[in-house]
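Asker: Each chain is listed here by its residues.
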Amino acid sequence: MKFFNLSILAFVLITTCIQLNAAKPPKGFEKVDQSITISTLEAQMKYDVSSFSVTPNAKIKVVFKNPDSLPHNLIFCTPGKKKGGDKGQEVIDAVLKLGDQGVKMDWEPKGHPRILASSGMVQPGKEVTFYFKTPKAEGDYPYICTFPGHYQLMNGVMGVTKKANPITNLSYKIYHGEWSKVPDFSGLEPKKTGTLANGLFDITRSEIKNNFGFVFQGEIECIKKGKYSFTLSSDDGSILFINDKVVVDNDGIHGIETAKGSIDLNKGKHNIEVRYFERGGGESLTVSWSGPGFKNKALSKSLPKRGQLVEGMLLEAPKGEAIIYRNFIDGAGPRAIGVGYHEGLNLAFDANNMRLAMIWHGDFIDGARHWIARGQGFQPPAGNGVVRFPEGLAIAQLRTQDAAWPKSEYRTQELEFEGYVLDNMQRPTFKYSRNQVSIMDNAIALAGSSAEVSGAIKRLISFSGKEGNDNLFFRLAAGSFEKMGDFYRSDELTIQVEGGAVFQVKDELRVPITFQNNKAKLEIIYSWAD
Amino acid sequence: MKKLAFNLLCIIGSIIFLFAEDQKGVIPVESDYYPITTIPLPEGEVIEVSGIDILPGGKVAISSRRGDIFVGKNVLGDSPEPKWTLYARGLHEVLGIAWKDDWLYVTQRPEVTRLKDGDGDGRADVFETVADDWGINGNYHEYAFGTRHDKNGDIWLVLCLTSSGGADDLSPFRGWCMRVTPEGECIPTGYGIRSPGGIGFNHLGDVFYCDNQGLWNGSSSLKHLRPGGFQGNPVGNKYFALTDVLGPQPPEPVSGSRIEVERKRLPELVPPPVVLPHGKVGNSPAGIECDETGGKFGPFQNQLFISEQTHSKVNRVFLEKVNGFYQGAVFPFLEGFGSGNIVARFASDGSMFTGGTNRGWGSRGRKPFSFQRVNWTGKVPFEVHEMRVKPDGFELTFTQPADIKTLSDVSSYTIETYTYIYQKGYGSPEVDGTVPVISNANPARDGKSVRLKVGGMVKGHVHELKMPGIRRKGGEQPLLHEVAYYTLNEIPSP
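In the order they appear, the protein sequences are chains U and X. My numbering puts the first residue of the first sequence at 1, with every later residue one more than the last. My numbering puts the first residue of the second sequence at 1, with every later residue one more than the last.
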């Protein structure tokens, strides 16, 4: 028992607590590891931050603002016997014992073993900055206002964790039910709710192993404006939202699968929400993010596992050149040839079916999936505005122009891939053939006129052949297209074609391949319908 | 007192003796004969070397698992300061490159492709698909390893199964050997392959590959790709439905049997010429390279050098043909490489280039990837040169004369035999162990060879021979490597 008291004393001594009203930090705190601003909310008897996380043994600067019309303080407490779950009850008990002395002592039982740091009483409309060093021990550290009657509403938890992260106010709701995809939780009654002071997404709070779901909501702080990407790995499904917009969709029943998405965010705090469900079998949820100047920071207790992690080795076209990536590309098959153009546009060619499989803009592709460990699986494009073209053949012989297009096969026997040649900017012209017809398929990127315009992919396909090439057609795209002058436009794409009269059959856009002197030519410009 | 003085004298004597030996270098080590030189790679590049070939003008080309190809100059000097240029990027996990008539032939996952630098700027600009009559489905295990050109101009391929033991309908010919002709024809040439780590020729142009321990492979082994031959794993036999080049689909082996038993039933089953006992000589055999340097690499002309990924070393194989089948012995050769060796290639000056990676499969060498060179110092190591089977035992030859007395002493040797279960499951322990008796050791007068009379040799077994007692002529020096593993598939008639 004696030892216990001594250790508390030592703890208090080690934990330097300095209270200062002046802006100038005390010695040793000129440079801090983390700053946090906590404000009271007017007439609500609440702090605006209900949880945040810090690393152990870190120098912290706290700015405490009090725009309310009552005086408040902000006192950080040690976890106590209830591991932070008691809102610093023993400190409150000590405040009550102050009795008549309470007002004079600003309702603060100074020297109480559970007090870690204090703002002192802050009058309405004032603010205070104070500094302290966080403890070495990880855990949940409650903070409260000790003004009588306030603490029950004015409280929060500081999570001390080595994995401290920028998520504040992270709460969770647990639901029970059997789903095959992430349900609409809004109409359901949560079985349990709580706060995750460490700011880490964590499904271990569930008391059952199957048929449950989670909704996590918090705020994530971006210290810079820029592009942020999130990696969400789960068993079963999960979806990540930023500011109510889906950024990563990893939904469905599956083993541990990883998905990634990115979003441009301004400096400041943004709402982050993760919805998750588990049906049966194993359960897991790991989340990480990358942004300007950092990569793969965990937002859950562990990072998405090595081998499942699909980011961190972004491939970029060298200046003035294109870059080629032949690998398993999601959306373009196992024999895909990805091409990243330095203009910031990209495509993937499916050499199993001789078709343009996808175009997208922004980042090209991440090599990490295939370059870490054994390299299993298909890697999706890294960028945005992914437009996918129909699977199967792009060139087919039809009895009539509106005949059904041949069914797609895993790998066509009708066309043969013959390779490619690179121009002096390393841009490929694909070569393939169909019976007696040789095809040269060249694509180049046309940069957008400004940073906001995505640009276009210009494709020139030349056919040369001798015989048996009647009734050949080229399938341009599938979807709901509208003719607008020279263009065909869908909600994601505009297509402009020279060399043949485009026509629509059901939801397909086709063009005949018309030979003259054994030659035919199509020029196609693909641009994004912004 | 007298006795004590004598003892002291003895002790002093032995110290002097030891000291003297020490000055001579006492027990030699591998690097006294075959030092390893690390060749710097271009900074900032990750080149998990997966293919090496020699180009005209003393240049070397290396390919990487990431699919890049670099060409280096000045790689042969004592302290090489190579100049690297990027030849090609972005190919699909290249596992074999071969230079021929200004084209670089590349075996990548889905195809054999030939590359050419048409405009002379040092970078390939023409990529022509030569052959692609097999499939891939997105599984990492579906590797394709390719050789250089054989004397007919063909490239030989071995195609890994889907994952470690499947054969997907979407990816035809997994587990098969293909021959790609100069015209681009792709001829199914063998089947029964599980998980190759490399492929290569012997000096006669016969083709071998290494298959790794796993399903239907009790241990890893060196296998001979006899045209039409069955290599032991029946999972890929389903693709007989796609070709009649090799006749009708053969019956399957019985799981839990022995190769020696099954080969009587399945005449196409080619017994592995040299079992590479799992855990003893390595865990993951890979590339195969034959010493045709005409003595520039030392005394092992026409022997095979097998890269070993897990143990980061190179083993040596001697092969002979008995009753029409290749068989022989594996010996440890050289260890201590930087990463997991998967490929080796001799240059015309007798240098052996080695390349390695440990991504996905760990290696003793801790570097994630390496490109190195082994050179012979000109000093001949004291080694077993060849191990041949005789009707009643073995004949060993040595690279240096051995001490006759130790050669003729049967207690200089120990021998044991074992085999592995031939089964559907993964790997096998060593089973059916026996201990034959060496009844006589008859050395040649010059000490360069010895005939061992062995009672109780077992057909189909690995014969693990240790020779701890043999000393070099005129000294105390033991063999640099005192163990040999001979796979006895055939015993010659007297």
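In case anyone wonders, no lab produced these hints; they're calculated from the structure. A virtual CB, placed ideally from N, CA and C, is assigned to each residue, including glycine. Errors might be hidden in some of the hints.
Claimed, not checked - Here are the simulated DSSO-like pairs of lysine-lysine, each with C-alpha atoms no more than 27 Å apart in a straight line:
1) U:K295 / X:K448
2) X:K73 / U:K319
3) U:K319 / X:K367
Said to hold, decoys possible - Just so you have them, the derived chain X footprint on chain U, three or more residues with Cβ under 8 Å:
4) 49-55
5) 322-331
6) 375-385
Asker: For the pair we were handed, U:K295 and X:K448, check the Cα-Cα distance against 27 Å.
Answerer: violated, 63 Å
Asker: Confirm or reject the coverage of the segment 375-385 of chain U by chain X under the rule of 3 or more residues with a beta carbon closer than 8 Å to the chain's beta carbons.
Answerer: holds (count 4)
Asker: Establish whether the coverage given for the segment 49-55 of chain U by chain X is satisfied; the threshold is a Cβ-Cβ distance below 8 Å, and no fewer than three residues must meet it.
Answerer: Our answer is that it is violated, as 0 residues pass the Cβ test (under 8 Å) against chain X, missing three.
Asker: Run the distance test for U:K319 versus X:K367: straight-line Cα separation, threshold 27 Å.
Answerer: With Cα atoms ~31 Å apart, U:K319 and X:K367 exceed 27 Å; violated.
Asker: CA of X:K73 to CA of U:K319, is that 27 Å or under?
Answerer: holds, 26 Å
Asker: Can you confirm whether chain X covers the segment 322-331 of chain U, using C-beta to C-beta distances below 8 Å and requiring at least three such residues?
Answerer: Since 6 is at least three, the answer is holds.
In this structure, the hints that do not hold are numbers 1, 3, 4, in rising order.
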